Amino acid sequence: QQKVQQSPESLTVSEGAMASLNCTFSDRSSDNFRWYRQHSGKGLEVLVSIFSDGEKEEGSFTAHLNRASLHVFLHIREPQPSDSALYLCAVSGGDSGYNKLTFGKGTVLLVSP
Amino acid sequence: EAAVTQSPRNKVAVTGGKVTLSCNQTNNHNNMYWYRQDTGHGLRLIHYSYGAGSTEKGDIPDGYKASRPSQENFSLILELATPSQTSVYFCASGKGTSAETLYFGSGTRLTVL
Numbered sequence: 218q219q220k221v222q223q224s225p226e227s228l229t230v231s232e233g234a235m236a237s238l239n240c241t242f243s244d245r246s247s248d249n250f251r252w253y254r255q256h257s258g259k260g261l262e263v264l265v266s267i268f269s270d271g272e273k274e275e276g277s278f279t280a281h282l283n284r285a286s287l288h289v290f291l292h293i294r295e296p297q298p299s300d301s302a303l304y305l306c307a308v309s310g311g312d313s314g315y316n317k318l319t320f321g322k323g324t325v326l327l328v329s330p
Numbered sequence: 008e009a010a011v012t013q014s015p016r017n018k019v020a021v022t023g024g025k026v027t028l029s030c031n032q033t034n035n036h037n038n039m040y041w042y043r044q045d046t047g048h049g050l051r052l053i054h055y056s057y058g059a060g061s062t063e064k065g066d067i068p069d070g071y072k073a074s075r076p077s078q079e080n081f082s083l084i085l086e087l088a089t090p091s092q093t094s095v096y097f098c099a100s101g102k103g104t105s106a107e108t109l110y111f112g113s114g115t116r117l118t119v120l
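Chains as they are written, first to last, in our numbering: chain A, 218 to 330; chain B, 8 to 120.
For the record, the hints were derived by calculation from the structure and aren't laboratory data.
All values reported here derive from a predicted model rather than from experimental measurement.
Don't be surprised by glycine CBs; every beta carbon is placed ideally from N, CA and C.
Misleading hints may appear alongside valid ones.
Claimed, not checked - Cβ-to-Cβ under 10 Å is the rule here; a few derived chain A residues that face chain B: (1) 298; (2) 317; (3) 318.
Here chain A stands alone, though its shape is the one from the complex (with noise of 0.2 Å):
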């Protein structure tokens, strides 16, 4: 069974400065990647997906998938107070299908002014 986890769990950084999440999974077949994001009481909001090995980048996040090692980056370029939330890594494909998604426990991020 497909096994995600996410660290750190929580990361504080100050406005501007690079933010960097980490997510292994277990399954090296899977083939279907995501990052979403959550504010405190909301929905998820999807930021990037990623298909294939390298990068993806939408807007101010980027991720880095190398399949080989099993993980799944999340890099957030100059973050400001308003991506204060949970991010979270979902992982589908594989031995699971691609309709089951499996997600890591979140890491909190915290954006000081």
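With chain A held as given, fit chain B onto it using these hints.
Same frame as chain A, but now just chain B:
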């Protein structure tokens, strides 16, 4: 972006009572999903559907039923609610392709007393 609407936003129920959570999507997506989010567990899949009339068990289906009477509507039913079902429930929809992105509603906070 897909519009997914959940109702109610908040619900308080008594142990042993019946609870129905409703979800409506307006973008003609084939797939719909119900997740619950709990501290320490992240989001976990309860039931999902490939289209009207279809329901499938997710990873934690026990104690829940689902109903998909139409393309737009997907309900989650707790026949005999228990305090362990106190959680935040999210509905999501997706196109039904291998690269689908899920779009989430704003969530229903359920408290079972």
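The hints, checked one at a time:
no.	hint	verdict
1	298	22 Å, violated
2	317	6 Å, holds
3	318	6 Å, holds
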